[in-house]
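K.L.:
Please work from the sequences and hints to get the whole structure.
Protein chains: 4
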Amino acid sequence: MPELGFSHATEVRVRFAETDAQGIAHNAAYLVWYEVARVDYLARFAGGYNRIRELGLEALTTETHVRYLGAVRFDDRLRLHVRCGDLRGARFRFDYVVERPADGTTIADGWTSHATVDATTLRPIRLPAWLAEAIPRAAASPPS
Amino acid sequence: MPELGFSHATEVRVRFAETDAQGIAHNAAYLVWYEVARVDYLARFAGGYNRIRELGLEALTTETHVRYLGAVRFDDRLRLHVRCGDLRGARFRFDYVVERPADGTTIADGWTSHATVDATTLRPIRLPAWLAEAIPRAAASPPS
Amino acid sequence: MPELGFSHATEVRVRFAETDAQGIAHNAAYLVWYEVARVDYLARFAGGYNRIRELGLEALTTETHVRYLGAVRFDDRLRLHVRCGDLRGARFRFDYVVERPADGTTIADGWTSHATVDATTLRPIRLPAWLAEAIPRAAASPPS
Amino acid sequence: MPELGFSHATEVRVRFAETDAQGIAHNAAYLVWYEVARVDYLARFAGGYNRIRELGLEALTTETHVRYLGAVRFDDRLRLHVRCGDLRGARFRFDYVVERPADGTTIADGWTSHATVDATTLRPIRLPAWLAEAIPRAAASPPS
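Chains as they are written, first to last, in my numbering: chain A, 1 to 144; chain B, 1 to 144; chain C, 1 to 144; chain D, 1 to 144.
Worth flagging that the hints you see were computed from the coordinates, not collected in a lab.
Note that CB positions come from ideal geometry on N, CA and C, so glycine has one too.
Be careful, since some hints might not be right.
[Stated by the list, open to error] Pulled from the structure, derived: some chain D residues nowhere near chain C, Cβ distances all over 12 Å: (1) R15; (2) I24; (3) E54; (4) L57; (5) H65; (6) L69; (7) A102; (8) L122; (9) A129.
[What the hints assert, rightly or not] Here are the in silico distance ranges between beta carbons for each label pair: (10) B:A71 with C:P128: 23 to 31 Å; (11) D:R44 with C:R91: 40 to 48 Å; (12) B:R123 with C:N50: 47 to 55 Å; (13) D:A129 with B:R123: 48 to 56 Å; (14) B:G70 with A:L87: 18 to 26 Å; (15) B:D118 with C:D103: 52 to 60 Å; (16) B:D118 with C:A132: 38 to 46 Å; (17) A:R123 with B:G89: 35 to 43 Å; (18) B:D118 with C:D86: 47 to 55 Å; (19) B:W130 with A:T105: 53 to 61 Å; (20) B:A71 with D:E54: 43 to 51 Å.
P.N.:
Spelled out as structure tokens, the structure:
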């Protein structure tokens with residue numbers, strides 16, 4: 001890390017509420033962290049998710065995939081490396097690698113797919129140009 | 001149980017995702033269960049929460065209180081006894097008693113306060129008459 | 001539906017707490033529902049997840065995949081069709097199809113992979129024979 | 001703010017997953033934020049919650065109370081002012097005031113009660129001396 005093309009990183013700490021009776025973070029928490037990383041990415045490179053929403057668009061999640069590579073415990077500090085790409089019409093995709101800096105291990109990876117839709121009708125709408133342009137710019141920028 | 005005036009009961013099972021690393025249900029899960037019980041109550045006595053929303057109203061939560069009286073574990077079946085009352089203008093209140101039928105213990109109780117507001121402006125709006133009337137009717141009905 | 005080999009179905013209702021500001025169920029909620037369906041499946045065919053835990057085992061989630069095929073709203077009743085298979089040593093896999101009976105649409109599908117581990121060391125342990133045997137039995141039983 | 005005796009503040013941003021179909025943060029999210037603030041407080045003044053757990057203790061939550069004073073939206077930055085006190089045997093209490101720095105409004109307040117218990121038996125155990133001593137020290141320190 002920084003892995004090739006991962007231009008952005010977001011940190012989270014595992015909340016106690018995110019653990020389960022196995023003593024580790026619950027599998028659904030990773031999707032929430034991925035979202036936190038996406039929001040942070042969009043804030044840095046594209047004026048923020050709220051800018052998308054102000055245009056009357058929503059970015060729906062159409063697919064999620066997580067590989068859990070190591071157990072994560074309460075209060076662990078995690079670094080989420082994120083990149084966005086694969087833009088096609090209304091669709092785009094984020095990739096994630098989750099690292100625990102304390103021991104340098106990769107504890108998860110995955111990807112999510114999204115589609116921009118009209119917030120009222122939920123019908124697909126082509127990604128706004130400014131967002132479509134912001135994403136390759138982000139990919140080319142030096143890692144944070 | 002049935003406790004005086006508790007005219008309705010809803011059952012939930014503790015989900016694994018609702019437990020935490022203490023091996024018991026997380027304290028925030030109780031507020032979600034209280035909500036499940038409220039929704040169920042409104043469905044039975046007042047045409048459902050969606051009917052409130054279709055009128056352009058929202059029922060905001062203005063106060064919550066939970067007493068945790070016993071630990072609750074994964075897969076425990078819980079019975080939530082609920083009653084509604086104390087209507088004043090835009091305000092109303094729900095009371096809850098949570099019982100674990102397997103051993104008959106009361107494992108929590110509490111109450112939540114709510115206000116009906118205009119869904120757009122979020123300004124208080126007097127409780128619709130049909131809802132204000134449904135609630136005493138519910139309180140007088142035999143326990144479910 | 002019932003789809004070939006989906007021997008079990010579990011119902012959930014979308015909780016208000018599971019919706020987000022897009023007005024639809026949040027993407028992470030699906031992983032919680034998949035877990036509810038797994039727990040229900042294991043209860044029916046294999047003595048329950050608690051039986052696994054009593055043996056000093058845990059079933060870790062090693063991979064999750066969800067495709068979101070249609071928006072799901074508050075109070076929607078969902079039927080989760082689930083099957084288990086692909087047993088190899090310590091590993092097994094669940095497949096899911098989520099249907100909304102009210103309109104017969106498939107609103108999601110996906111799969112999750114799991115590994116049985118020692119609850120203390122978190123090292124992989126071959127699936128107990130009774131569980132390995134329960135699963136093909138389930139697959140052969142008529143749909144519920 | 002800083003309010004009298006509130007010696008510590010923690011910041012959170014409202015996650016999209018924490019919003020609901022009312023377009024505002026769900027009432028149960030506040031209990032999770034209160035916990036984040038407690039964990040942060042204990043880390044600063046008392047060696048951290050994990051130190052309590054390493055002693056074979058757990059701090060159970062015995063009561064929670066939240067007043068919701070204003071709607072909170074996705075991506076809002078919140079400052080949680082927290083203080084701890086009212087130590088009696090195994091029991092202690094946290095108070096919270098939640099402020100939105102962007103407009104200086106107080107958007108919630110509340111308190112939670114806790115009891116230290118033996119992690120295995122869940123029986124009450126007097127608060128360890130180092131923790132009982134750390135808390136008044138914290139209360140006397142200048143606000144962060």
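K.L.:
Just pull the numbers of the violated hints for me, sorted ascending.
P.N.:
When the structure is compared with the hints, numbers 1, 2, 14, 15, 16 and 20 turn out to be violated.
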